[in-house]
Amino acid sequence: MNEIINIIIAIFIFVGAFLSLVAAFGVIRLPDVYTRNHAASKAATLGVMSVLFGAFLYFYLVEGHFNSRLLLGIVFIFMTSPVAGHLISRAAYNTGVKLWDKSVHDDLKTKVKSKDI
Amino acid sequence: MLDIVIRIALFCLALAMVALIYRVIKGPSMPDRIIALDAIGINLVAIIALISIELRTNAFLEIILLIGILAFIGTVAFAKYLEKEVLFERERDH
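Top line first, the protein sequences correspond to chains A and B.
Residues in the first sequence are numbered consecutively from 1, following full-length UniProt numbering.
Residues in the second sequence are numbered consecutively from 1, following full-length UniProt numbering.
What the hints contain is simulated information worked out from the structure, not anything from laboratory work.
The beta carbon of each residue, even a glycine, is placed where N, CA and C say it ideally should be.
Be a bit skeptical, because a hint or two may be false.
Unchecked claim - Each pair of labels, with its calculated beta carbon distance range:
1) GLU89/B / LEU61/A: 44 to 52 Å
2) ARG56/B / TRP100/A: 43 to 51 Å
3) ARG29/A / ALA77/B: 24 to 32 Å
4) ILE21/B / PRO31/A: 15 to 23 Å
5) TRP100/A / TYR22/B: 13 to 21 Å
6) PRO82/A / GLU91/B: 29 to 37 Å
7) HIS86/A / TYR22/B: 19 to 27 Å
8) ILE8/B / PRO31/A: 25 to 33 Å
9) ILE4/A / ILE25/B: 42 to 50 Å
10) GLU91/B / VAL75/A: 33 to 41 Å
11) VAL75/A / PHE60/B: 15 to 23 Å
Go ahead and model the full structure; you've got the sequences and the hints to work with.
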């Protein structure tokens with residue numbers, strides 16, 4: 001039983017670390033701000049939530065105390081990280097950061113110009 | 001077994017932070033740097049969770065909430081500064 005618990009915790013932690021690594025490589029490799037923001041605000045969020053859930057399972061099942069702060073941390077990161085990504089992306093668009101050269105479609109261009117921000 | 005997995009995960013997260021620091025230094029625009037710093041803050045949360053498993057203590061778990069909140073507030077403040085050039089707007093005097 002103990003081994004099974006350890007394996008489940010290890011899987012959660014490993015998946016989380018792998019997703020964070022993938023997010024960081026996306027932030028290096030992708031061509032413009034918006035795609036980098038896409039990588040960073042999704043993959044890093046899921047990876048950190050997975051690591052925190054592994055830590056929660058460790059403290060609950062192995063050490064034996066229920067730790068509500070980790071659950072609060074999971075909920076908080078799940079709520080705030082996409083919002084922060086959205087705000088940064090909007091600020092980047094409104095301050096005039098260019099899209100990638102090969103991107104073909106920009107729905108926001110006419111709306112922003114008509115509202116004259 | 002769990003110790004080895006935690007070491008490998010810490011190595012992966014440290015590598016991710018090095019990659020993000022590369023983007024902070026090189027990033028052509030300011031939102032790039034803010035995105036990378038936000039992701040560094042979130043990776044730091046995961047590193048603290050792993051270190052508190054490694055040390056078998058639950059004394060550091062408040063730091064997780066604290067770093068999450070501080071990263072969010074810092075990112076929101078930077079985004080507002082980029083967009084509106086001020087952080088705190090003045091009240092209208094009429």
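Hints, verified against the model:
Distance hint check for GLU89/B and LEU61/A: the Cβ-Cβ separation is about 49 Å, which falls inside the suggested range of 44 to 52 Å. About 47 Å separates the C-beta atoms of ARG56/B and TRP100/A, a value consistent with the hinted range of 43 to 51 Å. Between ARG29/A and ALA77/B the Cβ separation comes to about 28 Å, which falls inside the hinted range of 24 to 32 Å. The beta-carbon spacing between ILE21/B and PRO31/A, approximately 20 Å, falls within the hinted interval of 15 to 23 Å.
Range check, TRP100/A to TYR22/B: about 19 Å between beta-carbon atoms, so the 13 to 21 Å window is met. For the hinted restraint 29 to 37 Å between PRO82/A and GLU91/B, the CB-CB distance of approximately 31 Å keeps it satisfied. Between HIS86/A and TYR22/B the beta carbon distance is about 24 Å. The supplied range of 19 to 27 Å therefore holds. For the pair ILE8/B and PRO31/A, the beta carbons lie near 30 Å from each other, so the given range of 25 to 33 Å is met.
The hinted window of 42 to 50 Å between ILE4/A and ILE25/B holds, with their beta carbons roughly 44 Å apart. Roughly 34 Å separates the CB atoms of GLU91/B and VAL75/A, a value that falls within the hinted 33 to 41 Å. Between VAL75/A and PHE60/B, the C-beta spacing of about 19 Å keeps the proposed range 15 to 23 Å intact.
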